[in-house]
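Protein chains: 2
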Amino acid sequence: MGGDYAPYAPVEGCLSALRKSCCLEIALLGNEPLIRTVLESSSYDRKSLKVIGCSEAIETSEPPAAAIRTKKDSSIVRGMKLLKDGDADAFVSAGNTGALLVGGQVIVGRLKGVERAPLGAFLPTEKGMCLLIDCGANVDARPSWLLQFAEIGSAYAENILKIKKPRVALVNIGAEEEKGSSLVRKTYSLLKDFSSVHFTGFVESGDISSGCADVIVTDAFTGNIILKEYEGVSKTIFRMLGKKIESCSGVGSSSSFYKNAIRQVSEVFDVSSYGGAPLLGLKGLVIKAHGNSSAQEICNSIIQCCSFHKDEVNLRICRRLAEEEEALRKLHPDL
Amino acid sequence: MGGDYAPYAPVEGCLSALRKSCCLEIALLGNEPLIRTVLESSSYDRKSLKVIGCSEAIETSEPPAAAIRTKKDSSIVRGMKLLKDGDADAFVSAGNTGALLVGGQVIVGRLKGVERAPLGAFLPTEKGMCLLIDCGANVDARPSWLLQFAEIGSAYAENILKIKKPRVALVNIGAEEEKGSSLVRKTYSLLKDFSSVHFTGFVESGDISSGCADVIVTDAFTGNIILKEYEGVSKTIFRMLGKKIESCSGVGSSSSFYKNAIRQVSEVFDVSSYGGAPLLGLKGLVIKAHGNSSAQEICNSIIQCCSFHKDEVNLRICRRLAEEEEALRKLHPDL
Numbered sequence: 001m002g003g004d005y006a007p008y009a010p011v012e013g014c015l016s017a018l019r020k021s022c023c024l025e026i027a028l029l030g031n032e033p034l035i036r037t038v039l040e041s042s043s044y045d046r047k048s049l050k051v052i053g054c055s056e057a058i059e060t061s062e063p064p065a066a067a068i069r070t071k072k073d074s075s076i077v078r079g080m081k082l083l084k085d086g087d088a089d090a091f092v093s094a095g096n097t098g099a100l101l102v103g104g105q106v107i108v109g110r111l112k113g114v115e116r117a118p119l120g121a122f123l124p125t126e127k128g129m130c131l132l133i134d135c136g137a138n139v140d141a142r143p144s145w146l147l148q149f150a151e152i153g154s155a156y157a158e159n160i161l162k163i164k165k166p167r168v169a170l171v172n173i174g175a176e177e178e179k180g181s182s183l184v185r186k187t188y189s190l191l192k193d194f195s196s197v198h199f200t201g202f203v204e205s206g207d208i209s210s211g212c213a214d215v216i217v218t219d220a221f222t223g224n225i226i227l228k229e230y231e232g233v234s235k236t237i238f239r240m241l242g243k244k245i246e247s248c249s250g251v252g253s254s255s256s257f258y259k260n261a262i263r264q265v266s267e268v269f270d271v272s273s274y275g276g277a278p279l280l281g282l283k284g285l286v287i288k289a290h291g292n293s294s295a296q297e298i299c300n301s302i303i304q305c306c307s308f309h310k311d312e313v314n315l316r317i318c319r320r321l322a323e324e325e326e327a328l329r330k331l332h333p334d335l
Numbered sequence: 001m002g003g004d005y006a007p008y009a010p011v012e013g014c015l016s017a018l019r020k021s022c023c024l025e026i027a028l029l030g031n032e033p034l035i036r037t038v039l040e041s042s043s044y045d046r047k048s049l050k051v052i053g054c055s056e057a058i059e060t061s062e063p064p065a066a067a068i069r070t071k072k073d074s075s076i077v078r079g080m081k082l083l084k085d086g087d088a089d090a091f092v093s094a095g096n097t098g099a100l101l102v103g104g105q106v107i108v109g110r111l112k113g114v115e116r117a118p119l120g121a122f123l124p125t126e127k128g129m130c131l132l133i134d135c136g137a138n139v140d141a142r143p144s145w146l147l148q149f150a151e152i153g154s155a156y157a158e159n160i161l162k163i164k165k166p167r168v169a170l171v172n173i174g175a176e177e178e179k180g181s182s183l184v185r186k187t188y189s190l191l192k193d194f195s196s197v198h199f200t201g202f203v204e205s206g207d208i209s210s211g212c213a214d215v216i217v218t219d220a221f222t223g224n225i226i227l228k229e230y231e232g233v234s235k236t237i238f239r240m241l242g243k244k245i246e247s248c249s250g251v252g253s254s255s256s257f258y259k260n261a262i263r264q265v266s267e268v269f270d271v272s273s274y275g276g277a278p279l280l281g282l283k284g285l286v287i288k289a290h291g292n293s294s295a296q297e298i299c300n301s302i303i304q305c306c307s308f309h310k311d312e313v314n315l316r317i318c319r320r321l322a323e324e325e326e327a328l329r330k331l332h333p334d335l
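Here the protein sequences come in this chain order: A and B.
So the first sequence is numbered by this note's numbering: it starts at 1 and just counts up by one.
So the second sequence is numbered by this note's numbering: it starts at 1 and just counts up by one.
By construction, these hints were calculated from the structure, which means they are not laboratory data.
Since the structure is predicted, the reported quantities are computational estimates derived from the model, not experimental observations.
Careful, some of the hints might be misleading.
[Stated by the list, open to error] Which residues of chain A face chain B? A partial, calculated answer using Cβ under 10 Å:
{"no.": "1", "residue": "T60"}
{"no.": "2", "residue": "P63"}
{"no.": "3", "residue": "M129"}
{"no.": "4", "residue": "G136"}
{"no.": "5", "residue": "R142"}
{"no.": "6", "residue": "S144"}
{"no.": "7", "residue": "S210"}
No residue lacks a Cβ here, since even glycine has one placed at the ideal position from N, Cα and C.
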């Protein structure tokens with residue numbers, strides 16, 4: 001029931017996903033009469049899709065922790081309970097981000113060995129896209145968390161984005177080893193010495209959009225700054241361009257060509273078109289879809305969940321983290 | 001002698017500044033024969049311009065602290081000594097940023113009461129520009145430093161940018177008081193309770209480019225991320241646009257109109273065109289001009305120094321900080 005276009009976009013998104021994937025079962029959580037009204041006009045396999053009615057709803061502006069504690073019959077709390085009890089493998093929602101983060105930690109729970117669950121996000125680049133991790137879940141981070149984010153992000157990029165040997169870079173304010181905050185300097189040594197990822201060193205924020213790395217590791221504060229500035233600067237540029245060319249509408253034979261070029265590049269920089277943000281390191285996948293998600297984005301998010309389940313990404317994450325811990329222990333037996 | 005176009009751009013910039021301002025005296029530091037060769041072809045008032053020959057040069061890639069310690073006869077070390085000894089009011093350089101930061105702290109020294117000297121930078125916005133402070137000098141910052149940066153930035157914006165009652169905002173990853181890292185939450189309370197600035201609350205990185213505040217306060221790590229991403233994302237967008245429209249060169253009557261529109265907006269987002277970055281809170285103004293500074297940028301930086309001196313900005317900064325300290329003491333006598 002979350003997002004600006006509920007229940008239509010989520011219901012339509014689920015129906016498209018069911019058409020695309022045969023081994024999928026979906027439970028729709030939310031206001032049952034409303035959902036059934038939308039479903040009525042569609043044909044679908046009733047064995048693959050059920051509706052679970054919820055009597056409460058967590059609003060966008062609600063304080064997350066209190067909402068999760070008190071609204072036991074909301075779609076977010078009930079959906080996450082399904083994950084916790086093993087009755088679902090993944091949960092997709094376009095609802096309250098904070099409630100999803102809190103619910104993920106408190107209800108679903110972290111995988112064994114995971115210190116913190118990071119939120120990933122896809123950023124457009126000149127060469128395609130990259131995974132920014134963490135972009136909003138854990139402020140005031142520790143080096144060991146970032147080390148795990150690198151492993152988790154690498155496993156995700158390899159299996160979901162199908163990138164062989166993803167290049168992992170750590171965000172810093174310079175390329176030299178001695179630069180930056182104590183957090184990034186400590187994380188750098190850990191990544192260099194103990195991780196199994198393909199670590200390419202520091203990346204400056206200005207180089208991310210050129211596509212120089214596949215997984216961009218950072219703390220949630222910096223990650224959120226990067227994600228929102230990406231959106232903010234590109235939107236401002238395209239708004240300014242729009243105003244400038246408005247006056248020339250329809251003039252000249254090449255005007256549609258230029259407008260198309262500008263529209264195409266602006267679409268590349270529309271962060272919301274790249275599918276939902278995965279909350280990783282939990283006992284099940286939670287995907288935060290954008291508030292303004294279309295049926296297409298919901299469908300893409302669900303397809304992402306299928307690959308996550310089929311390729312046993314959580315099992316791979318656990319293996320990577322266990323190996324990393326062993327490497328750390330070998331060199332520092334007293335840890 | 002710093003920057004890509006030395007000695008031509010710095011010398012030409014000084015000569016333009018001298019033509020624009022009558023109460024200005026300039027000392028050019030660097031390779032004397034080279035500087036004199038450039039000067040030879042120009043007419044200027046010899047009383048307002050002298051050359052101080054330096055036998056050493058700090059290169060761009062040199063480790064800053066060692067360079068400042070060992071290269072006593074470099075233009076940076078000698079220029080900063082002039083400030084320290086009261087023989088100059090301001091120092092402009094397009095050289096090694098790290099060396100300027102270290103030299104500012106070690107040679108020039110901080111104003112009384114200043115805990116850390118922040119580096120400011122001008123960012124283009126939809127409505128003009130804003131001052132981002134700190135954008136590179138002090139990583140691992142403390143709340144009391146950021147409180148001072150707000151006062152220092154406000155004084156600068158008021159006197160140099162001539163903005164009455166500049167709106168000061170603190171960078172965070174959400175607008176609500178309880179959001180963000182412990183650093184920003186603590187700084188928020190300090191700014192709300194003890195500062196004399198016109199504090200408008202938190203600003204998210206995505207809203208900076210819309211022009212919602214005049215002074216953007218943050219720690220050097222986050223500030224540098226913001227500054228470089230601003231440049232990176234806008235450059236990528238205009239490069240992609242350039243590639244897309246290349247194929248249509250010269251076709252249609254409106255093509256030059258569109259190309260102009262794109263060029264104009266791209267110029268707005270060219271961070272390097274907004275003049276040098278002031279290193280503030282020192283016993284004299286240090287301006288770091290861009291490595292690729294043109295004569296125009298050098299000239300603008302020097303004119304900025306004139307206003308700084310004329311309007312006694314350092315005196316104003318000292319007064320603000322003293323008032324703020326008194327406010328803090330009144331409420332916390334044990335501090």
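So, going through the hints one by one against the coordinates:
1. T60: Since chain B brings no Cβ nearer than about 12 Å to A:T60, farther than 10 Å, the hint is violated.
2. P63: holds (8 Å)
3. M129: Result: violated, 13 Å to nearest chain B Cβ.
4. G136: At 7 Å from the nearest chain B Cβ, A:G136 passes the 10 Å test, so the hint holds.
5. R142: Constraint on A:R142 not satisfied, violated at 13 Å.
6. S144: Result: violated, 18 Å to nearest chain B Cβ.
7. S210: Interface hint status for A:S210: holds (6 Å vs cutoff 10 Å).
Taken one by one, the earlier hints fail for this structure at numbers 1, 3, 5, 6, listed in ascending order.
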